[in-house]
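The listed protein sequences derive, respectively, from chains A and B.
First residue of the first sequence: 1, per my numbering; consecutive thereafter.
First residue of the second sequence: 1, per my numbering; consecutive thereafter.
Errors might be hidden in some of the hints.
Pairs count within a copy or across copies, as identical chains cannot be separated in the list.
[As the list claims (entries may be wrong)] Result set (BS3-like, lysine-lysine): computed pairs, CA atoms no more than 25 angstroms apart in a straight line:
id	residue 1	residue 2
1	K385	K106
2	K61	K47
3	K47	K3
4	K182	K47
5	K159	K3
6	K81	K125
7	K102	K388
I should point out that these hints are in silico values taken from the structure, not numbers from a laboratory.
Number of protein chains: 2
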Amino acid sequence: MKKRAAIITIGDELLIGQVVDTNSSWLAAELTRIGFTVVNHLSVSDKRDEITFALDTFLPKTELIIFTGGLGPTNDDITKKVLADYFNSELVMNEQVLNDVKERFKQYGITMNSLNNEQALVPDKAKVLRSNHGTAPGMWFENNGNIVVSVPGVPAEVKGLFNDHIREMAINYFLLPKVVYKTVMLTGIGESILAERISQWEANLPEGMSLAYLPGMGTLRLRLGLTSDNKEQALQSIHKQIDALIPLIEEHIYGYDNISLEEVTGNLIAERNGTLAVAESCTGGTLAQMITAIPGCSSWFKGGTVAYSNQAKTNILGVDSEAVEQHGAVSQIVVEQMAVGAIKAFNSEYAIATSGVAGPGGGTPNKPVGTVWIAVAGPDFLISKQFKFGNDRLHNIRRSSLAAFNMMRVALK
Amino acid sequence: MKKRAAIITIGDELLIGQVVDTNSSWLAAELTRIGFTVVNHLSVSDKRDEITFALDTFLPKTELIIFTGGLGPTNDDITKKVLADYFNSELVMNEQVLNDVKERFKQYGITMNSLNNEQALVPDKAKVLRSNHGTAPGMWFENNGNIVVSVPGVPAEVKGLFNDHIREMAINYFLLPKVVYKTVMLTGIGESILAERISQWEANLPEGMSLAYLPGMGTLRLRLGLTSDNKEQALQSIHKQIDALIPLIEEHIYGYDNISLEEVTGNLIAERNGTLAVAESCTGGTLAQMITAIPGCSSWFKGGTVAYSNQAKTNILGVDSEAVEQHGAVSQIVVEQMAVGAIKAFNSEYAIATSGVAGPGGGTPNKPVGTVWIAVAGPDFLISKQFKFGNDRLHNIRRSSLAAFNMMRVALK
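Sequences and hints are given; from them, build the entire structure.
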């Protein structure tokens, strides 16, 4: 039977919405990958009765509980005390952890205080998970076949402790069935149109194969899942279904398994031994930021200009100032000149340019908020297109960026 | 007594970690602002027994439950049916909603299909919340003094339905006490050092005033809270405490109430009638992207260059190619020339420049991954500084960006 897991995030900052919880999704993806069924994420306050409520609720429902948060040195963090009491454990000073904490402070060049000393107190019934990414260690409790793990809430510490200890300990402790997911990445098609187009195919999926529609902003993912002890065989079964799916929606498929549109686009440029530059107005650096989040992009990304002022468009990208005056910055001719200018300024083979009204200000009757021109250019093409997005600034920036990468992807295909 | 709320997000995509849940934090902040105590966030699978589990768990524990997700037109979305059954309600066709759905499809220029028709089926015991942001309506159930609300999972639809209906309906239905929070935004100080520095002040906080430490990446927030029916009076009590806090940590306070460091920096530049340009290497567009996320930034932001290649550094920013050769791109002289070059290229008064090794590649014994040079320049200053961050690429980009804005903020003070 599949082992079940629950992820409990502790902290008032989550409950009052000051912090977005990214730990749950990261841990959930990792636990799913090694074969757990993550049945719930729960956020609770840093109060004794709430942490106890989480334990009472999920100990009968799961085999593994991971707590994040509430292990810092300050007074509002009580997870350690509550877990120790729940499992009838005493807090004892752990010399190894104390040394780790001392070493870390020495490394930072910071003087330790008595609060930091307390971070080396650990429940005597827990296995200690030493951290290479912060001062607080993790804890691993075994209790009648249940595992309860507690780690600090800082994302880097969560990832570090999971990668260094928890993944392998969980695999060894539980005998986990293999799980296989394959995700088809789509763009330019809505959920209901897609559902209708593939309804026949969906109805014919084999027994036990799951399908989920995962809509995002400007993208949509179709996730096929199959639980099986034979990974290769399960993948083959899934691929067989995907082969039948492709002819139905080929023009919308840009990749698989959570690869990003910008990475697919970059790979196509790298395959051609080409380089890319970007000239951004309304996307304001987002194209460059998405590209440079990809490790190794420096082999094909030359750089970009955020030409927010018209002066920057003419000075750096060589846009004709008369064209700006006659047609406005948000126009076909200007965005095409921006793309061509970026190729020259950065000495690249390919370029993407954006110019639009992201909002909330800047709209006119002719060019309302959400109007965006995008151009893509290469050695043998210059393509431009107008889009009409919505009223939300960040939404428009995101949609424009995805549309821009997709135009380049399609042009390169 | 304070009314309690729970936020339940539905969807396997959350549980397997393919999507980060941003709805919970947004709703939690809004509910907190109008006086709810949000006791839990819970994510559950789109299965009947899981949605029922959520209702069974939180109906006794809260007065308000908000469900997000599981209202799309596709087959894996069953929230509506489960809620109708749970509250002994029948699904009936709502002509007004049907018209709304038809109008929306007409507006999009898309043909409706039978799945979309089903979106107009609503439980007869629910109040229908018409959506201006998508095809699926929200639902409002009243049940023995409990309110259960269900909205679709797309963030724009969640926000739209909350803003258009739920906030006001909740305020009218419940009699909510006023709640006051004030958050002090800090940078350049760690949690434990801070705790020690303000321990005396913390111990003397008046009865009933709460304090929370909210560490982030490169920033730290101190949140003071007070429940009171008199908002002005509560704010006065909190401000009195903050007045006592300021002398203890003044150099680290950059603002209040979740204002971002980039916005504070931009405001300082705008106050001086100045303009800003950025020259980015390792931050790769993140400075520009953070700035252009601020509505109205075009009045003080001229633009930026992502000079990822050395060629771009020399061609566009006028960096001396000999300096690059002798000292490397990650050096004091190059980052200073980038800042000065950005002022010239964009005709601005102020500039920020970054050059560093974000990783994972590119490190050397002298300049390991995490080494970053930052320069800030203005009419009468040019300041540069070396930082040593860690091994994680995205972490380094984020830390560099915050450090860069903070250097400019301090220079302008």
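Status of each hint after checking the structure:
1. Taking the shortest alpha-carbon separations for K385 and K106, only the inter-copy value of 22 angstroms comes in at or below 25 angstroms, while the best intra-copy value is 57 angstroms.
2. Both within a single protomer and between protomers do K61 and K47 lie at most 25 angstroms apart by alpha-carbon distance, with minima of 22 angstroms and 15 angstroms respectively.
3. Taking CA atoms no more than 25 angstroms apart as the test, K47 paired with K3 passes between copies only; the shortest distance there is 18 angstroms, against 28 angstroms inside one copy.
4. For a Cα distance limit of 25 angstroms, the shortest separation of K182 from K47 across copies, 21 angstroms, qualifies, whereas the shortest one inside one copy, 40 angstroms, does not.
5. Proximity of K159 and K3 under a CA criterion of 25 angstroms is satisfied intra-copy only: 21 angstroms inside one chain copy versus 36 angstroms between copies.
6. In this assembly of identical chains, K81 and K125 lie within 25 angstroms of each other by CA distance solely inside one copy; the values are 13 angstroms within and 46 angstroms between copies.
7. Taking the shortest Cα distances, K102 and K388 sit within 25 angstroms of each other only across copies (20 angstroms), while inside one copy they are farther apart (57 angstroms).
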